[in-house]
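Okay, so the sequence shown: first residue is 68 according to the working numbering, each after it adds one.
Because the hints were derived from the structure by calculation, they are not lab data. Values in this document were obtained by computation on a predicted structure and should not be read as measured data. Incorrect hints may appear among the rest.
With beta-carbon atoms standing in for the labels, derived distance ranges [as the list claims (entries may be wrong)]:
1. THR241 to VAL180: 24 to 32 Å
2. ARG213 to THR105: 39 to 47 Å
3. THR252 to VAL192: 35 to 43 Å
Glycine included, each C-beta is placed from N, C-alpha and C at the ideal position.
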Amino acid sequence: MCKKVEGTPLSIMSNSSITPDNILDIKLKIGIDEFHATARKKRQITENERNRFRMGTAEEDYVMVTDINMEASRMGLEICVDTFESARNAILGGATRLELCSALSEGGLTPSVGFVARVRKLYTVYNYIQFYVMLRVRSGNFIYSREEMDIMLYDLKTIKDLKLADGFVFGALTKDREIDTLYCTEIILAAKPLPVTFHRAFDEIRQDPLETIQLLMSLGIRRILSSGREDTAEKGVNVLKMMHEHVKYPMSIMAGCGITPDNISYIKLKTGINEFHASARKKRQLTENERNRFRMGTAEEDSVMVTDVNTVRKMHKIIFPS
Numbered sequence: 068m069c070k071k072v073e074g075t076p077l078s079i080m081s082n083s084s085i086t087p088d089n090i091l092d093i094k095l096k097i098g099i100d101e102f103h104a105t106a107r108k109k110r111q112i113t114e115n116e117r118n119r120f121r122m123g124t125a126e127e128d129y130v131m132v133t134d135i136n137m138e139a140s141r142m143g144l145e146i147c148v149d150t151f152e153s154a155r156n157a158i159l160g161g162a163t164r165l166e167l168c169s170a171l172s173e174g175g176l177t178p179s180v181g182f183v184a185r186v187r188k189l190y191t192v193y194n195y196i197q198f199y200v201m202l203r204v205r206s207g208n209f210i211y212s213r214e215e216m217d218i219m220l221y222d223l224k225t226i227k228d229l230k231l232a233d234g235f236v237f238g239a240l241t242k243d244r245e246i247d248t249l250y251c252t253e254i255i256l257a258a259k260p261l262p263v264t265f266h267r268a269f270d271e272i273r274q275d276p277l278e279t280i281q282l283l284m285s286l287g288i289r290r291i292l293s294s295g296r297e298d299t300a301e302k303g304v305n306v307l308k309m310m311h312e313h314v315k316y317p318m319s320i321m322a323g324c325g326i327t328p329d330n331i332s333y334i335k336l337k338t339g340i341n342e343f344h345a346s347a348r349k350k351r352q353l354t355e356n357e358r359n360r361f362r363m364g365t366a367e368e369d370s371v372m373v374t375d376v377n378t379v380r381k382m383h384k385i386i387f388p389s
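Throw the hints in and build the complete structure from the sequences for me.
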């Protein structure tokens, strides 16, 4: 949406030095939702690309090119899903990114390749959606053995080679609850050029959050999912605000844990963050014919947790007001 001129079909679109660092501030201050930018950066040219002789007034050792990373908006609604039904509901509700997992009851684990491939087919209809794949070999802590890392690297390579993902979600810690820089670097290098989000393992770290951000930026992490080191993002708004103000492009902070239509506006206003992560799930009662005769695992037998279209839609309208 953009600012309408009363009594006319005209709208106002903001331009002039629009960047990822000021676009949210402009949006909040003047209410405009339509922007114009070049999003360009210098690209150094190689010796073979240069002219032998100077042509005009342009510099000869670089060209200005639109940067794909600057084009990517920092506004977003990411929904984590572990079933096809939830994935479809999230997209219909207005999610801009899906985090594809299995076993959300365990906090989210690496999904099967078949699940990722089938959900990815939705892209042919909804081609504005991004698909990020969780890399987490088991539930529990984020301290991994060499063997567990090898499993996750194999999963990453398989999914990347099949061109099924737009990015990956990962986090690894040492026994001292610090960033495992070796394992994180392995994942980042294996994922390139695809981006990597560092998940809520961030909230388990003992290091100062701002120092941790600097370390993750230096490693090449593109996004941090955090609740501000509290049980919920709503309780962690003070730390989230500090993190958001500290982070530098191209990294961004995404608020997650306990995000609902009832608190998303509060978190957005208190922190300045405009990128959110939620499951948006509700219980769906199973019919008599849908229930197992015998109990399987620890899940409830008379209901399943499914992403709710209306919940996603409400959150989308708050992030992207019409």
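Hint check results:
The given range of 24 to 32 Å is respected by THR241 and VAL180, whose C-beta atoms sit roughly 30 Å from each other. One distance hint, 39 to 47 Å for the beta-carbon pair ARG213 and THR105, holds here, with the actual separation near 46 Å. For THR252 paired with VAL192, a C-beta distance near 37 Å keeps the hint of 35 to 43 Å intact.
The structure fails none of the hints (numbered hints given earlier).
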